Structure formats: C-alpha cells, structure tokens
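A.B. asks: Okay, here's what each chain looks like letter by letter:
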Amino acid sequence: MIDYEYRITGYHCNFRNKIERFRSNNEIYISIDTCYLGNGMYFWDNHYDLEYWEIAKKAEAKRKAIEEPIMCISARIEYNSDEIIDLTIKEEFEKLIQIKNIVNNAHKKGNSKFENCALGEVINKLFKSTDTLVSTYISKIKVMKANLRYENIKDGYIMKELDYYSSKLSSNQNLAFDIRTIYCVKDGANILFHEVLREEVAS
Amino acid sequence: MKSTLDLILERLELMTDDEIVNATNYSSDIGTSEIQLDGYFMSCSIRHSINNHLEYKQVELKHSVEYNFEKRVKYNEKIVNGYKTIMPLAA
Chain R
17 MIDYEYRITG
27 YHCNFRNKIE
37 RFRSNNEIYI
47 SIDTCYLGNG
57 MYFWDNHYDL
67 EYWEIAKKAE
77 AKRKAIEEPI
87 MCISARIEYN
97 SDEIIDLTIK
107 EEFEKLIQIK
117 NIVNNAHKKG
127 NSKFENCALG
137 EVINKLFKST
147 DTLVSTYISK
157 IKVMKANLRY
167 ENIKDGYIMK
177 ELDYYSSKLS
187 SNQNLAFDIR
197 TIYCVKDGAN
207 ILFHEVLREE
217 VAS
Chain L
2 MKSTLDLILE
12 RLELMTDDEI
22 VNATNYSSDI
32 GTSEIQLDGY
42 FMSCSIRHSI
52 NNHLEYKQVE
62 LKHSVEYNFE
72 KRVKYNEKIV
82 NGYKTIMPLA
92 A
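Residue numbers (this note's numbering), protein chains in the order written: chain R, 17 to 219; chain L, 2 to 92.
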C-alpha cells in the first residue's frame, strides 16, 4: 500500500447519472472545462461550499428540465507532492502563466484559431500534448489545486466583523471567507468514493 | 528541486513555434454534448483539434432519462465491450 504524502477529503455535487460509476467503481466523471483547471472531476475542500454548487445544479436542472436527482458526495483524494500542480502557490502560478504565454504566442504566430486560450484550455493542451517529453512530465500530475475569490460572498454584517478582527492582525493581513479552494482530479488519480451526503430531485 | 512546470517550461523553450503548435493543437471547444438515442440517454464528450481530427469517447448507455437536448450531433455508433461508442461525423 502506497503511503501518500497528502490525503484530503473532497466534496462534489452533480446529477446522479454522472457520478454513479464513481460511486460504484471509483471511476471519476470527467467534466470538460476550458476556463478553470481543465478537464477533470472538480472538488471543493469543504462541504459548506457544496450548497453553492447545489444551487447551480438545481438551476441547470430547471433550465434543461432534468429530473435526475442531484447528489452531493465526498471522496478521499491521495497524492504525492510531485503529483500536484498547486496554483495557490504564487511561483507555480507564475510558471503556468509563462507556459500559457509561450503556447499562446506560438499559436498566434502560426495564425492558429486557438490563440489566446483560457487557462483551462492551455492545461488541456499540455495534458493532450503529442510531445513525448511534455507528455511524460504532465502525465505525473493527478491533481490541480487553485483558490477562487467569490466577489458575491460579501455579507455586510460579517464583513464588519472581519474588518474588526483583521485590524488586530499584521497590517498586510486580512481574515477572508470569500476565497474557495478547488481541486481538479485528473485521470489516473488515487481517489476513492467515500459517501453520499445528500440526494434530492430538483423541484 | 525542479517542479513539473519547470520541466515543461524548459522543454517548451527548446521547441520552435511550429513544434509547440503541432504538440498543443488539442481543443475541447465543442464541449460536452448530451444525446438521446432510442429512448436511452448517453453523455459523450466530442472534441476536435486544429487539423479536424475527431476524437471520441466510449460512453455507457443510461436508461430512459428524459432530457431536453440543446445540441444535436450527427454520429455513427457501435457497441464495443458492452459500451455504446459514438463516432461523430461532423463537428
């Protein structure tokens, strides 16, 4: 049994039919993404954030008249430090932006229609690269991690509390709750379905 | 210790623009389509690259879920190892 350096619990929400195989066989459901961290199965790092995702899924169900139940689940994700690209680290993010610029510039010079790709699309290009070395390097990566800041999470009352307690900290620090950590789990990751937290049909 | 991104950066810096374009012409710009077929539901991911090479993915047949479909895709189909495989004809 491999002793991984990191073991986290991730939280995911989706239509039941999309995650049934993950539930029964630990086969992850790959979402196609071009904006965030590329193709993969996305997880929050705490169950409170599932509510945000649930609301979005309910809206989608209503819009598309989907009657499939919406399921909130948790999973155990394990990885080693050389199997993650951690974009919460400034230096790693800067390197990815350098890569993005190199790839985009090459496509721009070649009059490719894929110039100025979003971050997720560039990540997908790396994972699908036909260059042997790039493919070898990127294939080690099983997890990508990033922080998202939500501008709409700014409740007036609690912001005052945050400001008050932040004023007690060092002048360059603030308490914050509008930052969310997401994980994008790639094919081949060591991940185990854990439990169904709740399931309901969107009304 | 070099990270994966360090190694990729080093590699890209040694490649010509043409080599980079050729090695990174994958695109997922069509996204995910949901297709209803003979009362069954399936979800498939259809992608194409700059040279119009079409990829397809094996998808499991799901039973009788009523969906509204926003996108229609022409396709060929066949059964492979118990899975229905969709081969798109046109992007």
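One or more of the hints may lead you astray.
[Unchecked claim] Simulated crosslink set (DSSO-like; lysine-lysine; CA at most 27 Å straight-line):
| # | chain 1 | residue 1 | chain 2 | residue 2 |
| --- | --- | --- | --- | --- |
| 1 | L | Lys3 | R | Lys106 |
| 2 | R | Lys111 | L | Lys3 |
| 3 | R | Lys34 | R | Lys106 |
| 4 | L | Lys3 | R | Lys156 |
| 5 | R | Lys111 | R | Lys156 |
| 6 | R | Lys111 | R | Lys125 |
| 7 | L | Lys3 | R | Lys116 |
[Said to hold, decoys possible] Derived coverage of chain R by chain L (criterion: at least 3 residues anywhere in the stretch with Cβ under 8 Å from a Cβ of chain L; other residues may be distant):
| # | stretch |
| --- | --- |
| 8 | 179 to 192 |
| 9 | 200 to 212 |
Read the hints as simulated data drawn from the structure, not as lab findings.
Keep in mind the model is a prediction, meaning the values are calculated, not measured.
Think of the CB as a built atom: it goes at the ideal place given N, C-alpha and C, for glycine as much as any other residue.
A.B. asks: Quick one: which hint numbers does this structure break? Sort them smallest to largest.
C.D. replies: 3, 8, 9
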